[in-house]
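Using the numbering used here, read the sequence shown as starting at 1 and increasing by one per residue.
None of these hints come from the bench; they were simulated from the model. Yeah, the Cβ is synthetic: ideal placement off N, Cα and C, and Gly gets one too. There's no promise every hint is true.
[Said to hold, decoys possible] Listed next, the in silico DSS-like pairs over lysine-lysine satisfying Cα-Cα at most 25 Å (straight line):
(1) Lys32 <-> Lys19
(2) Lys50 <-> Lys19
(3) Lys32 <-> Lys45
(4) Lys128 <-> Lys19
(5) Lys50 <-> Lys32
[Said to hold, decoys possible] Between beta-carbon pairs, the in silico distance windows are:
(6) Asp91 <-> Phe124: 50 to 58 Å
(7) Glu51 <-> Arg80: 18 to 26 Å
(8) Leu103 <-> Thr64: 31 to 39 Å
(9) Glu92 <-> Phe124: 50 to 58 Å
(10) Gly11 <-> Asp71: 18 to 26 Å
(11) Met54 <-> Arg18: 19 to 27 Å
(12) Lys19 <-> Arg107: 48 to 56 Å
(13) Gln57 <-> Ala90: 53 to 61 Å
(14) Lys133 <-> Asp71: 36 to 44 Å
(15) Arg77 <-> Met137: 40 to 48 Å
(16) Thr64 <-> Glu92: 25 to 33 Å
(17) Asp8 <-> Glu92: 21 to 29 Å
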Amino acid sequence: MAFLGSLDIVGSALTSERKRTEIIMQNIANAKTTITESGEPYRRKQVVFKEREMTFQDALSNVTGGVQISDIVESDRDFRPVYEPNHPQADENGYVLYPNVDLTEERIDLMAASNAYEANLSVFSILKATINKTLEMNG
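Can you make the complete structure from the sequences, with help from the hints?
Laid out in structure tokens, this is it:
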């Protein structure tokens with residue numbers, strides 16, 4: 001059934017967007033983390049998507065594509081220096097390095113991920129209804 005491939009594509013998109021949301025929430029939660037295990041502030045992470053790889057067997061079986069996460073990369077943007085001379089991590093000039101996380105940017109990314117997730121849920125609902133109608137006609 002061709003519908004199953006479509007469900008697989010939508011499922012891969014839902015899974016990928018859920019992971020993207022988790023990474024965004026991790027960025028927001030660590031927006032003020034001034035020291036990590038590496039000894040430096042938290043670095044913003046971003047999800048990189050790619051087309052899901054298909055094997056030769058998948059192609060023979062009419063399995064369709066989809067999306068997957070190829071990598072989660074850390075931003076190389078500079079940390080934000082903030083003058084806080086009484087902070088325990090302040091340098092000799094009184095500056096503390098804060099993560100390179102911009103909360104406005106994270107909120108926008110979160111809205112985009114949420115919208116993409118909702119759009120895929122709508123497609124899933126339409127596919128489900130179409131499959132049910134097809135089964136009713138054949139049954």
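Hints versus structure:
1. Lys32 <-> Lys19: holds, 22 Å
2. Lys50 <-> Lys19: holds, 14 Å
3. Lys32 <-> Lys45: holds, 14 Å
4. Lys128 <-> Lys19: holds, 23 Å
5. Lys50 <-> Lys32: Violated, because 30 Å separates the two Cα atoms, which is more than 25 Å.
6. Asp91 <-> Phe124: 50 to 58 Å: Cβ of Asp91 to Cβ of Phe124: about 51 Å, so the range 50 to 58 Å holds.
7. Glu51 <-> Arg80: 18 to 26 Å: violated, 35 Å
8. Leu103 <-> Thr64: 31 to 39 Å: holds, 37 Å
9. Glu92 <-> Phe124: 50 to 58 Å: holds, 56 Å
10. Gly11 <-> Asp71: 18 to 26 Å: holds, 21 Å
11. Met54 <-> Arg18: 19 to 27 Å: holds, 22 Å
12. Lys19 <-> Arg107: 48 to 56 Å: Cβ of Lys19 to Cβ of Arg107: about 18 Å, so the range 48 to 56 Å is violated.
13. Gln57 <-> Ala90: 53 to 61 Å: holds, 58 Å
14. Lys133 <-> Asp71: 36 to 44 Å: holds, 40 Å
15. Arg77 <-> Met137: 40 to 48 Å: Taking Cβ atoms as reference, Arg77 and Met137 lie about 55 Å apart, which means the hint is violated.
16. Thr64 <-> Glu92: 25 to 33 Å: The hinted range 25 to 33 Å is violated for Thr64 and Glu92, with Cβ atoms some 59 Å apart.
17. Asp8 <-> Glu92: 21 to 29 Å: violated, 57 Å
Checked against the numbered hints listed earlier, the structure breaks hints 5, 7, 12, 15, 16 and 17; every other hint is satisfied.
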